Every structure is written in C-alpha cells, then in structure tokens.
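Engineer: So you can see what is in the structure, the chains are spelled out below.
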Amino acid sequence: MLPLYLLTNAKGQRMLIELKNGETIEGQLTNVDNWMNLTLANVTHTSPNEILQLPEIYLRGNFIKYIKLQDDIIEKVKQSNVQQQSQGHHQNRDFRRRQGGRRDNDRRFNQGGGQRRHEGRGNYNNGGNRRSYGNRQAEGNTAMGGFVQHHQTTSQQPTPLGQVQY
Amino acid sequence: MSESEKQTHNQQKKKFEGPKREAIVDLSKYQDEKIRVKLMGGRLVTGILKGYDQLMNLVLDETVEYMRDEEDDTIILKEKTRNLGLVVIRGTMLLTLSPLSGAEIISNPYEPYDNEEGF
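If you read the protein sequences in the order shown, they are chains A and B.
Following the numbering used here, the numbering of the first sequence begins with 1 at its first residue and continues without gaps.
Following the numbering used here, the numbering of the second sequence begins with 1 at its first residue and continues without gaps.
Hints were generated in silico from the structure; no laboratory data involved.
Nothing here was measured: the structure is a model prediction, and the numbers come from that model.
Even for Gly, the Cβ is constructed at its ideal location relative to N, Cα and C.
Some hints here could point you the wrong way.
As the list claims (entries may be wrong) - With a cut-off of at most 27 Å between alpha-carbon atoms, the simulated DSSO-like pairs for lysine-lysine come out as follows:
hint, chain 1, residue 1, chain 2, residue 2
1, A, LYS78, A, LYS68
2, B, LYS80, B, LYS34
3, B, LYS50, B, LYS34
4, B, LYS34, A, LYS20
5, A, LYS68, B, LYS50
6, A, LYS65, A, LYS76
7, A, LYS65, B, LYS78
8, B, LYS50, B, LYS29
9, A, LYS20, B, LYS78
10, A, LYS78, A, LYS65
To be verified - Non-contacting residues of chain A with respect to chain B, defined by C-beta distances greater than 10 Å in every case (computed):
hint, residue
11, LEU59
12, ASN62
13, LYS76
14, ASN81
Okay, chain A solo, but in the shape it has when bound (with noise of 0.2 Å):
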C-alpha cells in the first residue's frame, strides 16, 4: 500500500491536512497528482489567525506536514482493489499484450475508439505504474484538469472499467 496510491483511491473523502507551517485544512479530497498535491472541496482552512471556510483549494504536496484519514480507508481502498483486477484487470493485462506485438498499428486503430484512447492515457500520465491503478486512473483521467469532474469516479463505483469500456 503506496502512500500516493492510497491517496489516489482515497478520492471523494474528508481529510484533515496539516502543512509546515502549522496550518491545518480540513476537506474532500477531489483529486491528487504524483508530488501529492492536492485539491479539495469545501474546506475549513484553520490558521493562527482566522478559520475560513473555502469552497476549494489547491495545494503544494511539497508543503504537507501529514495528512489524516479516516481509519476505515485503507479498508476500502483494498476491497475496491480487489474489485477492480476481478474485473478490468485481465482485460487490461491482454490489451497491453497485443499492444506490444504491433504497436503503431494497433494505436492508430484504437484511437478512433474514444475510450481506448483514453486507457491510454492514463497509462502515460502514470509512467507505468501497476497495471490495476494504471487502469483505475484511466478513467479519473479521461477529464484531465477539470478535478470537479474527477472525484466522481474512482473508489465509489467499483463497476464500470469492465462494461463500458470493453
């Protein structure tokens, strides 16, 4: 269990993050990159001086002191690992298969596919990482820099990698 990949599957919680400085903001995790920085929804932002509540926040994973979860995550997040290589996971695996007999090929036919094109993606977004989190991320990534859209996806709904994109 990766911290980032714990994070990652940790979309659409509450958290309570405390930075260097000594700061602390409370939110729902919408989504998260490889340096750990983050964006969050409706969040309390507690400092010395004040406590706001903002209705989003992006901030430096560089910045971040620790961050707390709920204790019941890494429950979930390894359930709905499991969930996941029981269902997209063989697939995946095949399709990378055949993509590394003839490459170009098969790239310039998925890419009229939508879908594929965004397995793809994914993929290169991650640098090749485990092939389940490489097809979980597949599809938060398909809506790339619009995060609003991102922590709808992932964790919640186990199902459908398999249905719709095969």
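Let chain A serve as the given structure and place chain B on it in line with the hints.
Structural biologist: Coordinates of chain B only, in the frame set by chain A:
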C-alpha cells in the same frame, strides 16, 4: 516522437516519474477572478488572475499583499496591506491557492476585526 513511442518510453520509466507536470486544478475557471495565494516564506496575497501556465506561474492584477506582524510573522494583519499591482508569481513559490468568492470567515480566534471583504 510519435505518441505511441512516447508511451513506451513512459512505461519503461520508474513509478512516479510521470510527465513533467499534469494539472490537477483547472485555473481557467479562476480566470479574471479574485484568488488568494499563499507563498513560501509566509506571504499572503490576493489578486485577479490574469494568466497562468502549466507550472502554475501566475499573473495577478490588482494584487494586494497582506502585511504581517513584525514580531510574529505568522500573524497576518488584515487591516494592513500594500498594493503590488500587476505581478508574476513563480509557480515553485506557490503553496496554496483558493478562490476568494465563496470564502468566508467562520470565526476569528483572536481579534474580531470588521472585515466585509470576506478574505
């Protein structure tokens, strides 16, 4: 380098060495809106977002910096500001970024300043 070549290249890379930077926040929705930015070193500024790039360098207009208590520079004096005007903020120095609209003070543990601006 074609897209597929790039892809294999990336697959060979190690775990968290992804692309240089992928945006997880869409700054276009803050374009021409007031935002509040905390910087490394403890400065707090607000300004109207005029531009940005992938590295999160920002262009802010009508920027206002909130001055800090001279003895304890973690305490921000909201009534004491200085106008910076048009500035470029370097992305590497940015710590937090949030929109000003919709922000509200729930409570102030210290002095109860009157502040309509809702900063």
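Engineer: Hint by hint, note whether the structure agrees.
Structural biologist: Hints, verified against the model:
Among the hinted pairs, A/LYS78 with A/LYS68 is consistent with the structure: their alpha-carbon atoms are about 18 Å apart, no more than 27 Å. A threshold of 27 Å between alpha carbons decides the hint, and for B/LYS80 with B/LYS34 the separation of about 19 Å falls inside it, so the pair holds. Using a Cα cut-off of 27 Å, the hinted pair B/LYS50 and B/LYS34 holds, with the two alpha carbons roughly 10 Å apart. For the hint pairing B/LYS34 with A/LYS20, the CA-to-CA distance comes to about 25 Å; that is within 27 Å, so the pair holds.
Straight-line distance between C-alpha atoms of A/LYS68 and B/LYS50 comes to about 35 Å, which puts the hinted pair past the 27 Å bound. Under the criterion of a C-alpha separation no larger than 27 Å, the hint pairing A/LYS65 with A/LYS76 is consistent with the structure, at around 24 Å. In summary, the hint linking A/LYS65 to B/LYS78 is supported, as the alpha carbons are separated by about 26 Å, within the 27 Å threshold. Among the hinted pairs, B/LYS50 with B/LYS29 is consistent with the structure: their alpha-carbon atoms are about 11 Å apart, no more than 27 Å.
For a cut-off of 27 Å, the pair hint linking A/LYS20 to B/LYS78 stands: about 22 Å separates their Cα positions. For a cut-off of 27 Å, the pair hint linking A/LYS78 to A/LYS65 stands: about 25 Å separates their Cα positions. Distance check for A/LEU59 against chain B: the nearest CB is about 5 Å away, which does not clear 10 Å, and the non-interface claim fails. Non-interface call for A/ASN62 relative to chain B: violated, since the shortest CB-CB distance, roughly 8 Å, does not exceed 10 Å.
Separation of A/LYS76 from chain B is adequate, the least Cβ-Cβ distance of about 21 Å exceeding the 10 Å criterion. Under the 10 Å C-beta cut-off, the non-interface status given to A/ASN81 relative to chain B holds; the minimum distance is some 17 Å.
The structure shown violates the earlier hints numbered 5, 11, 12.
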